[in-house]
Amino acid sequence: MRLLILAFIALATLAGCGGGKEVWATKEAVERVAYRAEGPPRLTLFTMINNNTGAGAHTSLMINGSQRVIWDPAGSFHHETIPERNDLLYGITPQVADVYTRYHARKTYRVRIQTLDVSPELAERAITLAREAGPVGQAQCALVTSKIMAQLFPGKISSGWFPNKLADQFARIPGVSEQVLHEYDSDDNSKVLAQWTPERG
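0 is the number of the first residue of the sequence shown in numbering that gives the first Met the number 0; add one for each residue after it.
Rather than coming from a laboratory, the hints here were simulated on the basis of the structure. Any given hint could turn out to be false.
Below, simulated SDA-like cross-link-like pairs (lysine to any residue); rule was C-alpha separation at most 20 Å, straight line [stated by the list, open to error]: (1) Lys-146 / Glu-123; (2) Lys-20 / Lys-155; (3) Lys-146 / Asn-85; (4) Lys-164 / Ile-112; (5) Lys-155 / Ile-172.
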């Protein structure tokens, strides 16, 4: 088991699951970009999967409640226009959500995207739990996210280190829908953000 965890840490670091730094955007920055998506309250679980091995490499969770945020534990997705507070990203407009998924999908990784409509109360609890959970240490993205989701879905999700296991547990919850994003860009995903501006989308 210890060797498996060490191997996962090495793989996750390559995929962008680093982290551990304290980051705290100002109240003004967070309030300025606050965005509430149309439609029902919703959880969207992202699982980044290595195309060569099939191993899960990173886990994150988009939450649409009173506003839409992305819980990106130990993530590498950073942009000057997207405020962050300890792994919780704010201002998740459709353009930001799109570039977030495209940033992670490339020739070496695909993104498993699972969505579930939830009650407003559960969505707000998810935001609260994510707000309190960061910052997350290296390669602990699935561990901490699964602990959050275990509180949201007791008896249906258990905590653990592995992104694919969390995604498989989530898939068994009634109402979860799923798609997989494949892209074939260079493995240097930094170019996606370097070329992106909020105005262009």
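Exercise. Broken hints, numbered, in rising order?
Worked result: Hint 2 contradicted; others consistent.
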